[in-house]
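K.L.:
Next come the chains, spelled out residue by residue.
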Amino acid sequence: MKTARLWNIWIPTFAILAGLLIGAFIMVIFGYNPVDNYLSMFQGAFGDINSWGATLSDMTPLIFTALGFSIADSAGFFNIGSPGQALVGWLAAVWFALANSSLPGWLLIPGALLMGGVAGALLSGLAGVLRAYFGTNEVISTIMLNYVALYVVNYLVQTQLAIHHNDYSKTIPAAARLRTPFLEQLTRNSTFSYGFFMALAAAIIIFIVMRFSRIGFEIRAVGLNPTGAAYLGINSKAVIIRSMALSGFLSGLGGAINGLGNYENITVSSALPTIGFNGMAVSLLAGGNPLGILPAALLFSGLSIGGLNMSVVSNTPPEIVNVIIPTIIFFVGCNYAIRYLLNHQIWRKRAADHPAEAAQTTTFKREVD
Amino acid sequence: MAQVLVSMQHITKRFGDFYANQDVNLSVHAGEVLALLGENGAGKSTLMSILSGLRQPTSGTLMIKGQPVSFRSPRDATLAGIGMVHQHFMLVQAFTGLENVLLGDELVHHGVLAEKRAQTRIQALADTYHLNVNLNQRVAEMSVGMQQRLEILKTLYRNADIVILDEPTAVLTPQEITSLMEIIHQLTQEGKAVIFISHKLSEIKAIADQCVVIRHGQVIQTLAVNTTDESTLADLMVGRHVSRSLAKPAPQLGTVSLALRHLSVKDHRGIERVHQLDLDVSEGEIVGVAGIDGNGQSELLSALTGMLPASADQFTLNGQDMRHRSPRQFTQQGQAYIPEDRQTVGLILPFTLAENLMGQGFMAAQNYRFGLLNYPLIRAKARQLIQKFDIRTVSEQVPAASLSGGNQQKLIIARELSRHPNLLIAANPTRGLDVGAIEYVHQSILDQRNQGKAVLLVSFELDEILQLADRIVVMHDGEIIGAANPAKITRQELGLLMAGSPVERPEAQSYVTVSERSPRSK
Amino acid sequence: MSTIILLMTIVSTTLIYAAPLMFAALGGTFSERGGIVNVGLEGIMVVGAFSGAVFNLSFAKVLGPNALWLAILVGGLAGGGFSLLHAVATINFRSDHIISGTVLNMLAPALCIFLTRVLYNQGQTPSLSVSLGTTTVPGLSQLPVLGPVFFTKTSPSGYFAIGVGILCWLLLYRTRFGLRLRSVGENPEAAATLGINVVALRYSGVILSGLLGGMGGAIMAESITLNFSATTIVGQGFMALAVMIFGKWNPLGAIGASLFFGLAQSLAIVGDYIPVLSHLNQVWFQIAPYLITLVVLVLFFGQSTAPAADGSTYIKSK
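Protein chains in written order, with this note's numbering: chain A, 4 to 372; chain B, 8 to 529; chain C, 492 to 809.
Chain A on its own, in the form it takes in the complex:
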């Protein structure tokens, strides 16, 4: 058990280093200085209170979408739909805030967040229902729903929320803002908002729910062995739908907080919001652990925010960051190879003292007869 936990640290560490190394390699090939670039990236992400504000603000929606992905993943479902779920959540929250601008903040904010979460849950819940009752593969169905969401949201923004023929909505009323003058002053006008503290709370709550609650037990059981779970009396269809809905709820919440906290409006977009796929990457890096999602999100938002600074300083295309992130996930996915590699190193050292023990760690003992 202890070694398993150790691996949960080793693999992401190795993957991050490998990703950064490959990023550096690409920079060298195209004539950019990786050392300078990584330094200005670090400076841009964590250099002063303002950049900390920007980084923490950027990681806030990522935490939500990552938590959302991790819940569906625990139940055995690969919810690729979080970009679409975040987008509809964003729309619903902004719409609610604009439509009820007379409400006081203590009603408006929870209401808007709830609408955002519910919108996301409806979209992912649909994929859950299709999976539970028709056996439709959730990977494909959520991808398709992503694009449906993108075009429908654009259409609604243009026809319902935009003034004249703009491509963006009005700014949300002040009562709905998650940023406050206090926080803006503290972080010298970054977009840092109270949403960040909500994200921290969400991570802790989801951790407890998944580890210790009945629904968490049911979700983990279905994810690990649906037949065995069914025999224990777990209604797997209900768990599929619930876990997918909960997953979409969190993604929708991430979109809502992005809308109320970071952007304060919604615009027509040509592509799906990046918080979706990046949230997925965060969750994969964290191995689905809700608490591990916090440092993983910090890393990826640091890369994104720092990447902007890097391209200002050195003219390196900021897309290099988006090359590094999937590269890290590539190595997380290849954790078997990493284990093998590291095991072989350890094996060589340990073989001298305990030959039998070392052999056991490397041989995957399958049924012998």
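Since the hints were made in silico from the structure, they are not lab data. Computed from a predicted model, the values in this text were never measured in an experiment. The reader is advised that the hints may include incorrect statements.
What the hints assert, rightly or not - Covered stretches of chain C, going by a simulated chain A footprint (3 or more residues, C-beta under 8 Å):
hint, region
1, 666-678
2, 762-772
What the hints assert, rightly or not - In silico contact screen, one side only, chain A against chain B (beta carbon under 8 Å); selected entries:
hint, residue
3, GLY138
4, SER216
5, PHE220
6, TYR234
7, LEU235
8, ASN238
9, ALA241
For every residue, glycine included, the Cβ atom is placed at its ideal position computed from N, Cα and C.
Start from chain A and add chains B and C according to the hints.
P.N.:
Just chains B and C now, kept in the frame of chain A:
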């Protein structure tokens, strides 16, 4: 003496610090049937995987027709004339018989598969050895017996001189076994050698010339079969004297626990697999359901545990209507289940022992504190059960996957029996276990019956049914086609019943308690 | 617009939109027939579109229209190379197929836009000067009715894709390679016992998917978007997956299914000229392909069965 085709000398295979085979010597002659006898886990399959090129020995020499060889892959073994029929057939379900035979040694004409020519050639080969195989049928639609003949045909197409059959009779009816024996005879007549892996003594007596007994990876003895009796073989295999019967007091029948009238079950594809079945199980008795795999047993079990919906005129458990009930409601009604497939149905392997032992208890309020699972309590309960049921483990916090098969089965038994059930359903409860574990499982089942609980035992192992059951019913093609008294019926008669033919002797069937069996309405 | 002209437009736009899908879906078919799920088709198409566009821009002046077809080949080669990442991850390193495919999808746009900035100093390439456009087939176009509808101002890439699709079917169902590839997607352990090199076959399945997917991407850039940008490939790779499933993992099925999807997309363009459709808002045409995919999956996914070992990791015993 005929030519020595295979000679294994001082073969050792080590996995880590575990010796699967240690210093094994054996030889096989042309025209001979060599039986390899040993318990599950004794090392028979590893030894044969070395001979068939799947694994490489750690040390030792392998000689084929007098030449030392070193197989790097199954292909090398095939080229040396070795054909292996695995216990779990190595067939592509979606392919036809012809495609399966051809795969890997295709006949090609101008880059295009020459299927016509191949078909003629392979059909001729099948005819020579009287192998009834429909080459144009997809494997998924073939009977198990035909799939096995197809596997043998594959080895012959590759000019095998030595055919290895790994537990070939496990899935066959007694009648199919007879025809397999004829095929084996045919092969040896043609000068081929057959290695027959089994732990069934009667079959070894019937077909083999020589028998190699393997225990703990080592050859215990090699003997001529016709001068050795079955009980000697059994003692050698297990390494101690085996009493082949259990002490069993007369049954004390109580009230009817499970009652089924006209129960029909459809499988996941909507095909009716159990037709209008009637069955009663009373407290204090073990009812054994015999039958060949695939005759509706698994659908019956799924219905009895609420995993598949069933239609019935009556389906009651302790008087409660159980139609359209979920697994949870069966559990609450006091039913326990030891499933055939312990790894996918019985356990959640990555969960800890404690979580698995809690099992259905995740619904019970007593396992929660402040709305969250009370792990200290759950672990304490688990430690008690681990001790009581003698589960060998380092701790209750390791995953169930880390246990041996026998201990995984004990884990399930501990969980199910600790719920104090009034009906126990056991499906092939000893499949893949070693003798010690089998005795433990049998005794646990018998204890339940002796305590006045109702037990339904579904098994493909005739010996298990004959030993444990107070009453036998035989399932064929989704119906119960006969009932039998285990004390009176012979294995051969039971085999005929399992194959769907009626038994003429009335006294063998004398023990029928299913009242007023009404004729099928269809 | 006369009926003949309308039909001609529908047929040619259907073929234009079907061609990239067809290539990518054929690619997916090879990969999954060999047992490797490839949700990375989207990323592979991006790489193909980028390298095809770059080749086209660089060599159009020298090679003229020949650059078009060479660009498709270059797109295919680049896609094949890119797919090696997926092959290494899933076959050697035992990565989850979906995770690895997702990595491809995230990596490709980032890498290609990065390179676009390096090469052109902006986020998208300039417009292509030569494009696939439409062709009138001499001779056949003179046939009554069929001539104008199918062979006048029609899509060369569409017919090319259909031809390749038929070749793919022959390869998969009539050759030794095809039989062996399908066997490793159904039961790799059984194939291995017969001396079949599971790893090599799975590699070739994935590389073929990269090759065909990359060609599809290049065709997309050269016949529809006419440049390369972040929005050149938006969901076509995913749609190709649906086409593959709808076509039951069979190349002929993929041809039929991509024509159907091509038609759905073509209606978005010619819809204005069809009385019933002209009142619909554009958003319906935008979401139609995805909604149709979803409906098709719900209705057909249960019935069509994937190769038995699709998505599994093959572990060789020691």
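K.L.:
Could you tell me which of the numbered hints above are not met by this structure, giving the numbers in increasing order?
P.N.:
Of the numbered hints, 1, 2, 3, 9 do not hold.
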